[in-house]
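So the sequence lines, in the order shown, correspond to chains R and A.
For what it's worth, numbering that gives the first Met the number 0 labels the leading residue of the first sequence as 0, then goes sequentially.
For what it's worth, numbering that gives the first Met the number 0 labels the leading residue of the second sequence as 0, then goes sequentially.
If you are wondering where the hints come from, they were derived from the structure by calculation, not from laboratory data.
All of these numbers come straight from a predicted model, not from anything done at the bench.
Each hint should be verified, as a subset may be incorrect.
To be clear about the criterion: a stretch of chain R counts as covered by chain A if any three or more of its residues have a C-beta under 8 Å from a C-beta of chain A, and this derived list gives those stretches [to be verified]:
no.: 1; region: 225 to 235
no.: 2; region: 279 to 287
For each label pair, taking beta carbons as the anchor points, the in silico distance ranges come out as [what the hints assert, rightly or not]:
no.: 3; chain 1: A; residue 1: 630; chain 2: R; residue 2: 186; range: 37 to 47 Å
no.: 4; chain 1: A; residue 1: 31; chain 2: R; residue 2: 434; range: 34 to 44 Å
no.: 5; chain 1: R; residue 1: 416; chain 2: A; residue 2: 604; range: 28 to 38 Å
Residues of chain R placed beyond 10 Å of chain A at every Cβ, according to the derived structure [unchecked claim]:
no.: 6; residue: 160
no.: 7; residue: 259
no.: 8; residue: 316
Virtual Cβ for every residue (Gly too), placed ideally from N, Cα, C.
The lines below spell out each chain.
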Amino acid sequence: MSLSDLMMVLPIAFTLVWALVLLLIDLWLPRERQGILALLTALGLAVALGLDLAQSGRSGSAFRDMVVLDNFAVFLNALYLISGLIALALGYDYLKRMEMERGEFYALLLFSIAGMMLLTQANHLILVFLALEFLSIPLYVLAGFARPRLESEEAALKYFLLGAFSSAFVLYGIALVFGATANASLTGVIEAVRSGSAEVGFLTAGAVMLLVGFGFKVAAVPFHEWAPDVYQGSPTPVTGFMAVATKAAGFAVLMRIFLNLFPGLATSLTPIFWGIAALTMIVGNLLALAQSNIKRLLAYSSIANAGYLLMAFVPYGNAQVAGQAISSMLFYLLAYGLTTFGAWAVVVALEQAEGRGLTLEDYAGLGPKYPWLGVTMLIFMLSLTGVPLTLGFWGKFFLFRTAVAAGYVDLAIIGLLTSVISAYYYLRIVVIMYMRAGEPRVRRDGWLNLVAIGTAAAVVLLSVVPVQMLELTARAVLHLP
Amino acid sequence: MHMEVMSVTEPLFRLAPGVVFLPVAGILLNLLLGERWSEKVVGWIASLATVGAFGVAVALAVGLSRHPEGAVVPLLTWIHIGDFRVDWAFRVDTLSVVMMLVVAGVGALIHIYSIGYMHEDVRHNGDPRRFRRFFVFLNLFIAAMMILVSANNFLMLFVGWEGVGLCSYLLIGFWFEKGAGGIGNALAAKKAFVVNRIGDFGLLIALFLIFVNFGSLDFDAVFGQASHLAQVAPGVLTAITLFMLLGVTGKSAQIPLYVWLPDAMAGPTPVSALIHAATMVTAGVYLVARSQALYLEVPLAQSTVTWVGGLTALLAATIALGQYDIKRVLAYSTISQLGFMVAAVGMGAAVAGMFHLVTHAFFKALLFLSAGSVILGMERGHEAGHHHQVELDPQDMRYMGGLRQRMPLTFWVYLIGALALAGVAPLAGFFSKDEILAAANLKFPAVFGILLFSALLTALYMGRQLALVFFGSPRSEAAEKATESAPIVTAPLVVLAGLSVVGGLINAPGIYALEHWLEHTLHTVEAIPFQWTIAASSLAVALIGLGLAWWLYGQRPLPSPRETDPLARLLDGVYHALERKWWVDEIYHALFVRPYQVLAQGLAQAVDLGVIDGIVNGVGQLARQIALWWRKWQNGYVRSYALTFVVGVVLIVAYLLLR
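So that you can see chain R by itself, here it is in the shape it has in the complex (with noise of 0.2 Å):
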């Protein structure tokens, strides 16, 4: 180990050491000082952000080969950066008033959030597992935490099961491709498929084994329905992170895994794509429309918006739009997580202790009497049906775009028509807001009110200039070695 391979991980390396700090600060600090950890973790997401923006441009390889640095995943741990912030920002006043505020809620962050970034950087399949596990494990307990509540304990009892399940999956697929390559480096894998050594047969069961293992982790059908009961039943800040920085992780490793791995699989696998992203649209936006619990109806949507990210994924195997289909997905992962952030952030606002303020009916009244949020929510939810003048209309258009660039206009139309139906479900939120007379109880509290208010301010202000934002993602490229 040399300093320049400590280099490419310093952001990594940093949050995990940070994390561990926290965790020793927190033996010191007396139960009512724990706001000082938030602080801390804080700055400390701020400085692993500013070491992480300090790598743009930078590319290469470290730890013979077992991790890469690109700008891709300078751009991803970035983003995984900013959610831990933003759900910190959330937690803030969420974890007293819940009565959950334990040191370790900070710690647990930071690991998951190391593991992400470790995930979105592995060029080793064995460092993929352990990063995806060491991101999961973290998440399973956060889950959980808001104990003794059944909901949390079942969320996260749920979560880890499954994700247990599914991690089988990823390991097996591992141990397919080791087996059709001799190889569990992504560049060994490269060169054995280029020389033509590669067993087609296990190769292909091993992508599937990985596809079924990510899927899980992005929650797409029909390896989605853990999403509902684990979003409804985790505290809301730990939602909206998974439904975030949880959601690009996976589709962080998928793109450099299949991309990397198996373009030359991609007549056998791409129809599988296909099916996925339809199922994941169709059923999302179906079941989102029998929702009355919140939480319930964003963890429908975020599955939703896994199909319409799985739909610029379906041609990754044709050259010509691979590059748009990253930049795309990468934009909708941008404008999907601010505007998911904004919505989550809304939702924690009108939490009450014992899960009471989540039901639809809870929102009636909120755009009169409470203008400020009730205008950001407004704004999130059209930016989720996909409006004009919103991030997430740019974000459809780029994706759907993508799909007819690559000549799947049928799974555009299946996007618009669900997006259509989407459109039900959103609005709807916004008919109770203003047209239902109501006594909503808001927590006021102003780091809420920054995310919320500065999302929303991100999602107009940023439509205005949507070429530029697709600019800045299409630098994010992947490290092809």
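Start from chain R and add chain A according to the hints.
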């Protein structure tokens, strides 16, 4: 000849945009700052804006006297797509400047008159704050009308055409909450709007055809290619001219679309004078005159236009006989006189048509404004009387009578206007009408007969009106106590009366100033020789008509409002038909309005609510049902989730194996 090649030779021509921008300046001043100004200031700003436009028009006329070929004054490029280009450019030629002079000249007088008239009208109707709105609308009308007449292409003309239509709608409905049942005026405005839409639809089709077939909307480009198109595709040119005629029948109130104009009298009287007598309704005449190059190529269109005009002249003149509302008589008279003009431009006698347009603007504006003065006098008399709580229609001639003594000045100017309209020599109407008759005699003898008979009826209904309003003894307390109007109202009347007397000189036999003036623009002008026989018969029918009126109404004046009209005793059932306007409104209602409403109702109820909403709601319900059914799979058991998971994997593997 494209406008870039043409340089503006005459410096005075550069003033041309002023005819539009001065009224616009008036609008802006009154709209932005007029809130705090007094009625006088508001009224005079609007009037001065119009006077200024008149000044510009005079300057342009002076320029034209030096450079009669005129010019196109460019302002800006409006549309430029590929080869197609439409400019915002003002056309200064002898034809457009005649229109500008009439619009701004008569318009200015009516603006000044309105200061006095609207002062009383807004109070009588109980909302003085609408004074400013009226003058803003009036200036807007002048601006739009100027755009219409100064346009150098059909598209700009269409902007003005629609603009004056909008102003007409706004001003007919100026007291939109008044009228029969509190909605009568609004209905009248709506009727005018809808009927004009039908006409405008025709005009639009004509414009589209022009665009497609000529590739340009510029007057010069279109007219220059007219004879070529007439050889290549005569059917297209026929279609263009006939669709354009539909537009003309809407705007200039000809058969079959004239029905809106009588109802338009719901607007304040200055509006009736300016828009619905002197200027806007002549836009159709102007359009046909401007498009002579097209019409001359299509004999069928020419004869159609002529017959439409002739029949309108006759029909409206008969209806005018049966009306009791002082303004409605004048409205039908306007339709009838527009029929004369349309017939004239239709048969190619564009100069005669334009001549009659100008003189008619003088005496019909005079008649309307004098009628307004009469109405004001009646209202004053009504309020001064003992029974002013009782509703009285101040426009019903049956309640008038004997106003000659009460309102002497109004009487004299009214008399001049009526005689000019009847065509008594040497007043203005005599010369212009005579020229139309002479042209018709040469080209369309049958139409000549119709027009001559219409002229007889014209004299008859005007004589009837004079007798009912001014002679005999007052038939109501209001008429008894009526008083003369203020000088600001009567002064414009005197000016217009003067013009009605001498206006005929501009193209009287031997002078032919208008003809020489217009021949620079209307290159196909053929001089119509003056014929003593025609002139004599025209004068004769006028005198016969007046004499007949005197015999019926003057000798033994109507004793009371409830007495039967003497003409009704003479004509019996036919008179009832005249009173009921030949039931044209009722026929239109049964033939077009009702079926349309039934169709719309059917589409709205059965098709929209039933089929369309049914499909939309059905799809929504279906999606919901699927969602509710599917939801059962999400049962909360981890084992079931894992099963789904495995089923997914099995399906994928099965696909790969069976592929």
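Now for the hints, and whether the structure bears them out:
| no. | hint | result |
| --- | --- | --- |
| 1 | 225 to 235 | holds (count 3) |
| 2 | 279 to 287 | holds (count 4) |
| 3 | A:630 - R:186: 37 to 47 Å | 46 Å, holds |
| 4 | A:31 - R:434: 34 to 44 Å | 38 Å, holds |
| 5 | R:416 - A:604: 28 to 38 Å | 29 Å, holds |
| 6 | 160 | 5 Å, violated |
| 7 | 259 | 21 Å, holds |
| 8 | 316 | 16 Å, holds |
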